[in-house]
Amino acid sequence: MEILYESFLTLFQSGGWKYVVMWAIGGLLIFLAIKKDMEPTLLLPLGFGTIMVNLPFSGAIGEEGPLQTLFDAGIANELFPLILFIGIGAMIDFGPVLANPKLMLFGAAAQFGIFLTFCLASLFFDIPDAASIGIIGAADGPTAIVVAQKLKSSYTGAIMVAAYSYMALVPIIQPPVIKALTTKKERLIRMPYRGKSVSKTTKILFPIVITIIAGLVAPSSVALVGFLMFGNLIRECGVLDSLSETAQKVLANLVTIFLGITIAVQMEATKFLQPATLLILALGLFAFIFDTAGGVIFAKFLNLFLKEKINPMIGAAGISAFPMSGRVVHKMGLKEDPQNFLLMQSIGVNVSGQIASVIAGGLILSFFL
Amino acid sequence: MDFLNNFSAQRFLDSLQYMWKGMLCIFIVIGVIIIFIYGMNKVTNKIVSKKQSKDSAEQ
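Just so you know, the protein sequences line up as chains U and B, in that order. Number 369 marks the last residue of the first sequence (the numbering used here); no jumps. Number 59 marks the last residue of the second sequence (the numbering used here); no jumps.
Treat each hint with caution, since some may be false.
Here are the simulated DSS-like cross-link-like pairs (lysine-lysine), alpha carbons at most 30 Å apart as the crow flies [to be verified]: (1) U:Lys35 - U:Lys102; (2) U:Lys102 - B:Lys46; (3) U:Lys309 - B:Lys54; (4) B:Lys42 - U:Lys196; (5) B:Lys54 - U:Lys196; (6) B:Lys51 - U:Lys102; (7) U:Lys102 - B:Lys42; (8) U:Lys102 - B:Lys21; (9) U:Lys300 - B:Lys54.
Hints were generated in silico from the structure; no laboratory data involved.
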């Protein structure tokens, strides 16, 4: 009875309103996950965890709290996001990129938003925090978690919410940006898909060589790239089908459950309810917009020199929100011309974005660790 | 409003070098990967077509 009294007292004391606001934010995340189907696998656990950690005297956090223990065991040391990468790697088919490797250039160009946002964020935040905010533009939750944790950012909670929310909002964020940067004529450009066969040897060597190249250029990226590529190697080797299936389904789902609810430790009212959070959300949106713009403008630039023109919309798929971004571009192409099928090209660019964003994360770590 | 007190134009100017360095590094890495894929596709396709022509000759 005494505890009940103290809990209520805490709610009505000065600053108690913050708990209520955090419950509302948790409820909003759950609503967006269930009703709007926005990244439900992450936003729902995150929303529920937000409520759990923002109850007065919550036993979920603190020195012996289970969420804090999970956080220390799986996120503070970046283990959960890296294990999740094994599952993601096992899910991705790099076939479209291997058949048409030049698509990878768009994946590189679409990382522009990360670095531009980093520069802008550095006006207001110290370099490690600015770099962690910039990485929201990687459009890749695990990369954002790893970078923010390694750089010891004080804003991991806000960065997570921004990264996952904007990934879910890709179908809303990207189309206006693409339309603003392209003409109707450009959006109508057809790109016939010439699927070339890719040998199994190439598919097996690809993850190994990517890990070596990325590791040599940015040693800090070895864990990020390596776990992603290890998952892909399990998929492509052909002798570990049951492991590949486990990584894609059971492992990825299991880690996602813990990742979402554990990240909520960073959603404590005192850490999250700051004016800086709003600025971080704005900068995250800026990063997504300029990632999209980077890819589209790069495609337009290439068109100046190419005989067979590229539909610049596919450049937008270079952000690594996989596979939403590829689908958005495909749907926009069909809307402009029902006979214009850009799915294979846009998915190829999208997959390249996944690789490029992980490399960008590794580079940021190399620069600032 | 801690972040407003932390405003620094100099930090912004210093950070610009990382923008071009970062983008340059990404393009270099991706460029190397593209070259590798082209090379691998060429080599493995040659081996496959050689195998196929050998098989058809045996038949």
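- Query: Within 30 Å, alpha carbon to alpha carbon, are lysine 102 of chain U and lysine 42 of chain B?
  - Reply: 15 Å, holds
- Given the hint that lysine 35 of chain U pairs with lysine 102 of chain U, does the C-alpha gap stay at or below 30 Å? Given that 30 Å is the threshold and the Cα spacing comes to 39 Å, the pair is violated.
- Query: Is lysine 102 of chain U within 30 Å of lysine 21 of chain B, Cα to Cα?
  - Reply: 21 Å, holds
- Holds or violated: lysine 42 of chain B to lysine 196 of chain U, with C-alpha atoms at most 30 Å apart: Holds, at about 11 Å.
- Task: Given the hint that lysine 309 of chain U pairs with lysine 54 of chain B, test it: the Cα-Cα distance must not exceed 30 Å.
- Result: 39 Å, violated
- Message: Need the status of pair lysine 102 of chain U, lysine 46 of chain B: alpha-carbon distance at most 30 Å?
- Response: This hinted pair holds, its Cα atoms lying about 20 Å apart.
- Message: Next pair to validate is lysine 54 of chain B with lysine 196 of chain U; report whether the Cα-Cα distance is within 30 Å.
- Response: Cα-Cα ~22 Å, so holds.
- Would you check the hint for lysine 300 of chain U and lysine 54 of chain B, treating anything up to 30 Å between C-alpha atoms as holding? Given pair lysine 300 of chain U, lysine 54 of chain B is violated - Cα atoms ~45 Å apart, limit 30 Å.
- Message: What's the verdict on lysine 51 of chain B and lysine 102 of chain U, does the C-alpha distance respect the 30 Å limit or exceed it?
- Response: Measuring from Cα to Cα gives roughly 28 Å; hence the hint holds.
Of the numbered hints listed earlier, those contradicted by the structure are 1, 3, 9.
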